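Build out the structure end to end from the sequences listed, making use of the hints.
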Amino acid sequence: MSMSCLACHHAFVPPFSWRDLFTVSVLRSEVLLPVEQWLCVQCRSKLVLLRDGCLLCSRSFHDLDSRYVAEYRGGQICFDCRRWLEWEEAQQSGRVLTWNRSVAQYNAWMQDLLTRYKFRGDERLRYFFASLLYSHWNGMAQQMDKVDVIAPIPLSAKRLKERGFNQSALVARLLADKIGIAYTEKLLLRRDGEDKQSKKGREERLKEMLQKFLNNPEQNVDIHGKNILLVDDIYTTGATLYAAAYLLKKRGAKHIYAYTLAR
Amino acid sequence: MGEKAFAAYMVKGRFNTGQVIDWSLLTPASCWKRIDLTFWQSLTDRALFTGTWTLLGKCASLAAIRQQMGQAVGLTDQKCVPRGYTPAVDRQTLFSTCGVLHNGGTVNNKVTVHHADKKDSSVLLVDKIAAFFESEDCDEEALRLAAAFAGRHVLLEEVRQVWGKRARKHVMFILQKLYLLGCFDWDAPIARQRIGRKMTAFCQRCGYGLNTSSLAIRSPAAFSSWQRLRRTWSQWWSPEVLPRSACARCGSESCLFCPRCLQMGKVRSCEPYLKWHGGRRSIVARPEQRNVQFRWQGQLSPLQQEASKRLLRFARGESDQFLLWAVTGAGKTEIWFETIYHFLLKDKKVLVASPRRDVILELEPRLKEVFPHTTISVLHGESEQKYEAADLFLATTHQTLRFRDYFDLVIVDEEDAFPYHVDSMLPYAVQKARRACGKIVYVTATPRREMIDAVRRGEIEHVLIPRRYHGHPLPVPRLKPVGRWRKSIRQKEILTPLVQFLTELLAKNRFGYLFVPHVHLLDEVLAYMQNVILPYVRDLSPQFQQAFPMESVHAQDPLRTEKVQRFRNKQIRLLMTTTILERGVTIPFSDVAVLGSDDQVFDTAALIQIAGRVGRKADDFEGNVWFFPEQRTLTQMRAIRQIERWNRMNVPGGDLS
Chain A
731 MSMSCLACHH
741 AFVPPFSWRD
751 LFTVSVLRSE
761 VLLPVEQWLC
771 VQCRSKLVLL
781 RDGCLLCSRS
791 FHDLDSRYVA
801 EYRGGQICFD
811 CRRWLEWEEA
821 QQSGRVLTWN
831 RSVAQYNAWM
841 QDLLTRYKFR
851 GDERLRYFFA
861 SLLYSHWNGM
871 AQQMDKVDVI
881 APIPLSAKRL
891 KERGFNQSAL
901 VARLLADKIG
911 IAYTEKLLLR
921 RDGEDKQSKK
931 GREERLKEML
941 QKFLNNPEQN
951 VDIHGKNILL
961 VDDIYTTGAT
971 LYAAAYLLKK
981 RGAKHIYAYT
991 LAR
Chain B
9 MGEKAFAAYM
19 VKGRFNTGQV
29 IDWSLLTPAS
39 CWKRIDLTFW
49 QSLTDRALFT
59 GTWTLLGKCA
69 SLAAIRQQMG
79 QAVGLTDQKC
89 VPRGYTPAVD
99 RQTLFSTCGV
109 LHNGGTVNNK
119 VTVHHADKKD
129 SSVLLVDKIA
139 AFFESEDCDE
149 EALRLAAAFA
159 GRHVLLEEVR
169 QVWGKRARKH
179 VMFILQKLYL
189 LGCFDWDAPI
199 ARQRIGRKMT
209 AFCQRCGYGL
219 NTSSLAIRSP
229 AAFSSWQRLR
239 RTWSQWWSPE
249 VLPRSACARC
259 GSESCLFCPR
269 CLQMGKVRSC
279 EPYLKWHGGR
289 RSIVARPEQR
299 NVQFRWQGQL
309 SPLQQEASKR
319 LLRFARGESD
329 QFLLWAVTGA
339 GKTEIWFETI
349 YHFLLKDKKV
359 LVASPRRDVI
369 LELEPRLKEV
379 FPHTTISVLH
389 GESEQKYEAA
399 DLFLATTHQT
409 LRFRDYFDLV
419 IVDEEDAFPY
429 HVDSMLPYAV
439 QKARRACGKI
449 VYVTATPRRE
459 MIDAVRRGEI
469 EHVLIPRRYH
479 GHPLPVPRLK
489 PVGRWRKSIR
499 QKEILTPLVQ
509 FLTELLAKNR
519 FGYLFVPHVH
529 LLDEVLAYMQ
539 NVILPYVRDL
549 SPQFQQAFPM
559 ESVHAQDPLR
569 TEKVQRFRNK
579 QIRLLMTTTI
589 LERGVTIPFS
599 DVAVLGSDDQ
609 VFDTAALIQI
619 AGRVGRKADD
629 FEGNVWFFPE
639 QRTLTQMRAI
649 RQIERWNRMN
659 VPGGDLS
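As given, the protein sequences belong to chains A and B, one line each in that order. So for the first sequence, this note's numbering puts the first residue at 731; every next one is plus one. So for the second sequence, this note's numbering puts the first residue at 9; every next one is plus one.
Quick caveat, the hints were computed from the structure, so don't treat them as lab data. Please note: incorrect hints may appear among the correct ones.
[Unchecked claim] Here are the simulated BS3-like pairs of lysine-lysine, each with C-alpha atoms no more than 30 Å apart in a straight line:
(1) A:Lys916 to A:Lys984
(2) A:Lys888 to B:Lys394
(3) A:Lys888 to B:Lys283
(4) A:Lys776 to B:Lys571
(5) A:Lys848 to B:Lys354
(6) B:Lys283 to B:Lys354
[As the list claims (entries may be wrong)] Quick look at which bits of chain A chain B covers, simulated, 3 or more residues with Cβ under 8 Å:
(7) 840-852
(8) 884-893
Note that the structure is a prediction, hence the values are computed from the model and not measured. The C-beta atom is built at its ideal place from N, Cα and C for all residues, glycine as well.
As structure tokens, then:
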């Protein structure tokens, strides 16, 4: 059976495995498939999976100067994360975000795909992105304490109306359904921001970010002493995730992890 | 605003918002926000709805509504309601049957809505509209908006984007007014159609969901008969289905969207779709009679004249499709100039569409010269003037997606060119853009099998021009197998045919195209030609020491237009390319070679087009066309035979075979 590649739309034949011989794909109504089923060979080479990067944010050290790499608990972390650690000390809050894991590198190809997903609104891509997260989850489920709740980073009401969907929520829901963990969108609320955050500097972004999230008044999940997995699309400086995690931490969550699609 | 009309649109709001609105206090603008959008939403997903709606109103009884509406709750009285609600024009007819229930001062009225299946939008209440214009100070802004969108079928989002910057006032307010004037109709971008026993939803803009073809985006050469079989199979197996999603805009859990035409703005079933009326039905005041001038000094060859006459006869006649089948370099463009003029004179709208942007860009200056006083709008992906009123439109087939029921004459130039028949949304778009009585002319040198079959069955009128305008025969390709050339190139062995090709270019001071099957071969072949063949030729014949710039170009090349322009300016002597230059770009005094012409990328049509690059000028009618394949194949032989057959023919409209 040939199908068309998700990214370049050219027809390709996904690799055939023994499993295909014994299962009928109609009966197996699986939506989260391995990467080989989604992408053709050329596109798979453009998708750069992140491995062995920064311990805390999984940034790859491949093109990073060694000056920006620091030692941390027997591993290496990047400069950004070191600054976050300093910030956490200044706040005296303990670890806010235990770690973030990003699946893919935020290169031009990934940017294209995310643009198609977020701004053009090709919601079918959620299956692909959830598959990416799921395959990553399979590989590293042992590393963390048991996760109790999966929650997406919310969009502001205005943005949600404009876009019609929350890109992180779609992915998070699929992931939660697959691995059987409770899912909620009601942990946080986000205020309307005037301009898009991608244009701002780090300090500025951080300062605003901390005021951006609110506790959701109608939340119905008790998160005291629970482990929470946040899901977002892109990890740039981490300000969004740290701000959200900070709020959850103050409400008594035990550990907060983050999953992002691209770094 | 007329009081009655105001009341009329109050009612349509009334019966679906379900909110209690104090309608005596509403201004038109606020009405708009509360009413029309929600009204539209209720229609969207129930395009064929017949049932009962509940009206909630603050008035004491139905009699009060009657009074306010001028006895028009039944909405059958033509005089008092604007277009859109008269029996002849309407989307629905309202029958009021009133169960009047009192609960705490508000009244529930049951109103049954019957949708009329057929719309007849030809009836216009001209006097009503004139009255509107007189009663209101006529808003320039609104009229310009209506003129710019005439004939189009666009999302509300697009209107907002385009006009939001220019209009000082609230766009929605202008739209409300235009709606009441009957300039456009609300529509749903996702419509439903009964196919067999099933109701299927499809995207009105691109036709996704109609299942006209299902192997979506592939190169045309990739269809073998086996794949065609599988196409039928896959239509049954995986039909085009519009995906559902939970939409935060309308709150519906199953809001449909179209995945195919996302590029032009997302089509959702909750997004309003505006159908703008245009042409003679438009109420927008037209400027006084246009001065159409036809300024063309050229001379048609006898064959062209004959074809032009046939085309004119077709334009006056009954049938609606025409195939202008003319060999490459026959002067196709000049043939339809007169037909266009004929239509423009009658104040009709003409569209010249082509799947290729190059073709459009090349036509633009020519048409502007020929019709100096006609407004011409050029639409392609990067054009500035996307929404402007015009009489003659030049557009890529992708841009025609935005039109509906507008053109009296559509000319599809190079209709067999690449994406057109691979992406089923393009034929859909072109068919949609013409009016019901409009005519289509297909112009091509290499019609597809289906088209020829239709001509044979007599479904399409046609004319065949087997000779170039200068009367000389077409250059016949010469086929020279070169063995395993990929390996030779890798090992830097000399391929003698290429040496001969290059020597001739140098000796006769000509320009050359070298076609290769795939993009990834380009760099390799370019390096090979520069570092192996060229020095070898210079060794053999030392007189050729002049500079010989070579370049390669492909579809994704960022410098594509620049390189082609340099080739046109004769700054590049040999251009290596893929099939993207198979049509459109013509340089006088050039030769063509096709390396690997047996590759499946080059089908017969492509080979004929490539051979047609050569010898098009009257002062250079002889040129060389070389095919350098690994082996002889049927496709190449068919191309050569076809060209030879044309050269033997003499009469236009000769038999088809």
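Hint by hint, here is what the structure shows:
| no. | hint | in the structure |
| --- | --- | --- |
| 1 | A:Lys916 to A:Lys984 | holds (18 Å) |
| 2 | A:Lys888 to B:Lys394 | holds (29 Å) |
| 3 | A:Lys888 to B:Lys283 | holds (28 Å) |
| 4 | A:Lys776 to B:Lys571 | holds (27 Å) |
| 5 | A:Lys848 to B:Lys354 | violated (47 Å) |
| 6 | B:Lys283 to B:Lys354 | holds (24 Å) |
| 7 | 840-852 | holds (count 4) |
| 8 | 884-893 | holds (count 3) |
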